[in-house]
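Protein chains in written order, with the working numbering: chain A, 1 to 594; chain B, 1 to 87.
Among the hints, a few may not be true.
Unchecked claim - Straight-line distance between alpha carbons at most 25 Å, and here's what the computed DSS-like set of lysine-lysine pairs gives:
id	chain 1	residue 1	chain 2	residue 2
1	A	496	B	21
2	B	5	A	365
3	A	379	A	346
4	B	14	A	496
5	A	69	A	379
6	A	373	A	100
7	B	5	A	496
8	A	41	A	100
9	A	496	B	3
10	A	346	A	373
11	A	337	A	379
12	A	373	A	358
13	A	333	A	379
14	A	442	B	21
15	B	3	B	14
16	A	379	A	365
17	B	5	A	274
18	A	346	A	365
19	A	346	A	333
20	A	69	A	137
As the list claims (entries may be wrong) - Among chain A residues calculated to face chain B with C-beta under 8 Å, some are:
id	residue
21	89
22	153
23	242
24	245
25	275
26	280
27	294
Honestly, the hints are just simulated from the structure, not real lab data.
Yeah, the Cβ is synthetic: ideal placement off N, Cα and C, and Gly gets one too.
The residues making up each chain are set out below.
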Amino acid sequence: MDLHTLTFLVVGFTFAIYIGIAIWARAGSTKDFYIAGGGIKSWQNGMATGADWMSAASFISMAGLIAFKGYDASVYLMGWTGGYVLLAMLLAPYLRKFGKFTVPEFIGDRFYSQGARLTAVGCLITASITYVIGQMKGIGVAFSRFLEVDFTTGLFIGMGIVFIYAVLGGMKGITYTQIAQYVVLIFAYTVPAIFISLNLTGSVLPQIGLGSTMADGSGMFMLDRLNQTVTDLGFASYTIQQGSTMNMFMLTLSLMIGTAGLPHVIVRFFTVPKVSDARSSAGWALFFIALLYTTAPAVGAMARYNITNTIQTGEVGVVENNIQYAERPQWFKNWEKTGLLVFEDKNGDGRIQYYNDKNATFAAKAEAEWGWKGNEMVKIDRDIMVLANPEIAQLPNWVIALVAAGGLAAALSTAAGLLLAISSSISHDLLKSVFMPNISEKNELMAGRIAMSGAIAVAGYLGMNPPGFAAQVVALAFGLAASSIFPALMMGIFYKRSNNAGAVAGMLVGILSTLIYIFLYKGWFFVPGTASLPDNPANWFLGISPGAFGALGALLNFVTNYVVSGMTAPPPEHIQQLVEDIRIPRGAGEATGH
Amino acid sequence: MTKEKEDNGVAYWKANLSLLKFCLVIWFFCSYVLGIFLVEPLNNIMLGGYPLGFWFAQQGSIYVFLVLIVFYAIRMGQIDRQFGMEE
Numbered sequence: 001m002d003l004h005t006l007t008f009l010v011v012g013f014t015f016a017i018y019i020g021i022a023i024w025a026r027a028g029s030t031k032d033f034y035i036a037g038g039g040i041k042s043w044q045n046g047m048a049t050g051a052d053w054m055s056a057a058s059f060i061s062m063a064g065l066i067a068f069k070g071y072d073a074s075v076y077l078m079g080w081t082g083g084y085v086l087l088a089m090l091l092a093p094y095l096r097k098f099g100k101f102t103v104p105e106f107i108g109d110r111f112y113s114q115g116a117r118l119t120a121v122g123c124l125i126t127a128s129i130t131y132v133i134g135q136m137k138g139i140g141v142a143f144s145r146f147l148e149v150d151f152t153t154g155l156f157i158g159m160g161i162v163f164i165y166a167v168l169g170g171m172k173g174i175t176y177t178q179i180a181q182y183v184v185l186i187f188a189y190t191v192p193a194i195f196i197s198l199n200l201t202g203s204v205l206p207q208i209g210l211g212s213t214m215a216d217g218s219g220m221f222m223l224d225r226l227n228q229t230v231t232d233l234g235f236a237s238y239t240i241q242q243g244s245t246m247n248m249f250m251l252t253l254s255l256m257i258g259t260a261g262l263p264h265v266i267v268r269f270f271t272v273p274k275v276s277d278a279r280s281s282a283g284w285a286l287f288f289i290a291l292l293y294t295t296a297p298a299v300g301a302m303a304r305y306n307i308t309n310t311i312q313t314g315e316v317g318v319v320e321n322n323i324q325y326a327e328r329p330q331w332f333k334n335w336e337k338t339g340l341l342v343f344e345d346k347n348g349d350g351r352i353q354y355y356n357d358k359n360a361t362f363a364a365k366a367e368a369e370w371g372w373k374g375n376e377m378v379k380i381d382r383d384i385m386v387l388a389n390p391e392i393a394q395l396p397n398w399v400i401a402l403v404a405a406g407g408l409a410a411a412l413s414t415a416a417g418l419l420l421a422i423s424s425s426i427s428h429d430l431l432k433s434v435f436m437p438n439i440s441e442k443n444e445l446m447a448g449r450i451a452m453s454g455a456i457a458v459a460g461y462l463g464m465n466p467p468g469f470a471a472q473v474v475a476l477a478f479g480l481a482a483s484s485i486f487p488a489l490m491m492g493i494f495y496k497r498s499n500n501a502g503a504v505a506g507m508l509v510g511i512l513s514t515l516i517y518i519f520l521y522k523g524w525f526f527v528p529g530t531a532s533l534p535d536n537p538a539n540w541f542l543g544i545s546p547g548a549f550g551a552l553g554a555l556l557n558f559v560t561n562y563v564v565s566g567m568t569a570p571p572p573e574h575i576q577q578l579v580e581d582i583r584i585p586r587g588a589g590e591a592t593g594h
Numbered sequence: 001m002t003k004e005k006e007d008n009g010v011a012y013w014k015a016n017l018s019l020l021k022f023c024l025v026i027w028f029f030c031s032y033v034l035g036i037f038l039v040e041p042l043n044n045i046m047l048g049g050y051p052l053g054f055w056f057a058q059q060g061s062i063y064v065f066l067v068l069i070v071f072y073a074i075r076m077g078q079i080d081r082q083f084g085m086e087e
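Build out the structure end to end from the sequences listed, making use of the hints.
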């Protein structure tokens, strides 16, 4: 069977499952719609959280980042997993005990302030919309590459599927679909990794393979071989740190705090029946996430080795060891068509030279001794690494079809989780709490569905016409979650004396400092050409990159909250009682919307 | 709320905080200290084919995070029961 038909079959089959689940898990009440009825088992919630969390970026882009950055990409591996420790210990159990439907609802109640609630709604919507654009783009790309339909058609099909199960089933439909999506995406990610690890090192487990010797009988370790391969071509060593330690530290911390503060992840912990389930569920979530995150370093390293080795087949400098362009493999041609892989024969010898021409010493040597006139792989988009990996390793067609389904599962599941966070904050936090407090449950459920449809339409529109700043605002999503939501929640739980003035002042200082810092280097409101300072390490404050400022924003938020709360009146008695109450698991009743 | 019940609540919260402190110290140590600050000296030690610092940054810290959450959930369950705070 040819690849095209096979991909249609595999992707079509997974879509049929998602729709089947949607019909089975319809939401009958607002509780079903917002928190899946509150009866999700802790491992199920862990699995759904895994799918919710692992986006098109985790599935498609992360291994590519690791492949080209080596050790320095560790910030993403640690940052996007370490946040679950914070979530499990500092937020999830207490928010579950509080027992309401949304994150802004906690902030509004704990700080007895509609202002605080609205500030939280603003951060939540900005962070979530930013994030959802990337997912929509991922859906379009996966469709256009693997199913050979155009980008817009692909996006419409994707939106249609999300519409069916998210509008019909709300959180309940989303949760059960996410469980199915997790299974699809983890198979799609690990199966090719296992094959590749077996090919290169003879180890079944990629986590072990990366630390093993090569299977070619040389007895050399995989990582040593990779280091040698890349340094021979003038690239930096794979396992050694290149960036500054200070920036690595701040970026990792920002990503961890940001992860713990992202509302679409937090709200997943409202769906389990008990406080103890919220704790264990975070463990399950990290377990399911770690299956992919500990495989990713092997995928990245092995992809880098395979792609380099395909082009430079042996000792550098021997003419025959650079493959002829006319004899390039099929996957090379496939990806050239997408424009994500570009070759330019600079020295006109009909062979491909792939090396680091920014390394002056090496470039001079290559030109003098071998007549190389610059790196001829003008573009290798790092996003193609995971998608092209099975083709590069010459795996069977069904594996390639599976990867397409996995990429779609990752993008769809995250998009649905984000859309739910957006629509519930509109129907529950804005409509019910601010504009129509007397709305009936039936009408609120209807409003939730309408808000969900609207959110899907907006996300789809932005996916089709991504604003120029789409790639840069991801830093903003994490920055906002880290500098506003996380500190407000943590102070609300751990510092009883924290009051409404402190919380609002803290959130504003956190958000504004982070926004200003990002705008200074990336352009005001991301308008190109308006940046006040050049975006490079020499100009960064203390060497901290704009994406890594969230941790400092969070610190400013904590300090402001503490100082302002100390100078103003303590929170009223019933609020202090509320804090006492969320700190103990006993009496965790059913979650309610009132 | 009686005095006795209040004291029990305070003791429970203290037990929780000291467990938290213990877990967060390990969380910080295995990722930031071993994976970032001490990565260069640790890379002189090999774990199979992995330089140790590199291993902590890309593999080890994630395993430690997982063990920490499981440990916290189990230990906290015991503390809940010890102070009669369980659901």
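Against the structure, the hints come out as follows:
1. A:496 - B:21: Given that 25 Å is the threshold and the Cα spacing comes to 18 Å, the pair holds.
2. B:5 - A:365: 78 Å, violated
3. A:379 - A:346: Given pair residue 379 (chain A), residue 346 (chain A) holds - Cα atoms ~13 Å apart, limit 25 Å.
4. B:14 - A:496: 14 Å, holds
5. A:69 - A:379: 16 Å, holds
6. A:373 - A:100: Answer violated: residue 373 (chain A) to residue 100 (chain A) is near 64 Å, above 25 Å.
7. B:5 - A:496: 19 Å, holds
8. A:41 - A:100: Distance of about 18 Å is within 25 Å: holds.
9. A:496 - B:3: Measuring from Cα to Cα gives roughly 19 Å; hence the hint holds.
10. A:346 - A:373: This hinted pair holds, its Cα atoms lying about 6 Å apart.
11. A:337 - A:379: 13 Å, holds
12. A:373 - A:358: Given that 25 Å is the threshold and the Cα spacing comes to 12 Å, the pair holds.
13. A:333 - A:379: With a Cα-Cα distance of about 14 Å, the restraint between residue 333 (chain A) and residue 379 (chain A) holds, given a limit of 25 Å.
14. A:442 - B:21: Roughly 45 Å between the alpha carbons, so the hint for residue 442 (chain A) and residue 21 (chain B) is violated.
15. B:3 - B:14: Between residue 3 (chain B) and residue 14 (chain B) the Cα gap is close to 17 Å, so the pair holds against 25 Å.
16. A:379 - A:365: The hint holds at about 23 Å.
17. B:5 - A:274: 23 Å, holds
18. A:346 - A:365: Answer holds: residue 346 (chain A) to residue 365 (chain A) is near 16 Å, not above 25 Å.
19. A:346 - A:333: 19 Å, holds
20. A:69 - A:137: Judged against 25 Å, a Cα distance of about 23 Å means the pair holds.
21. 89: 6 Å, holds
22. 153: Since chain B brings no Cβ nearer than about 38 Å to residue 153 (chain A), farther than 8 Å, the hint is violated.
23. 242: 12 Å, violated
24. 245: With a closest approach of 6 Å, the residue 245 (chain A) hint holds.
25. 275: 6 Å, holds
26. 280: Holds - the Cβ of residue 280 (chain A) comes within 8 Å of chain B, reaching about 5 Å at its closest.
27. 294: Holds - the Cβ of residue 294 (chain A) comes within 8 Å of chain B, reaching about 6 Å at its closest.
The structure fails to meet hints 2, 6, 14, 22 and 23 from the earlier list, while all remaining hints are met.
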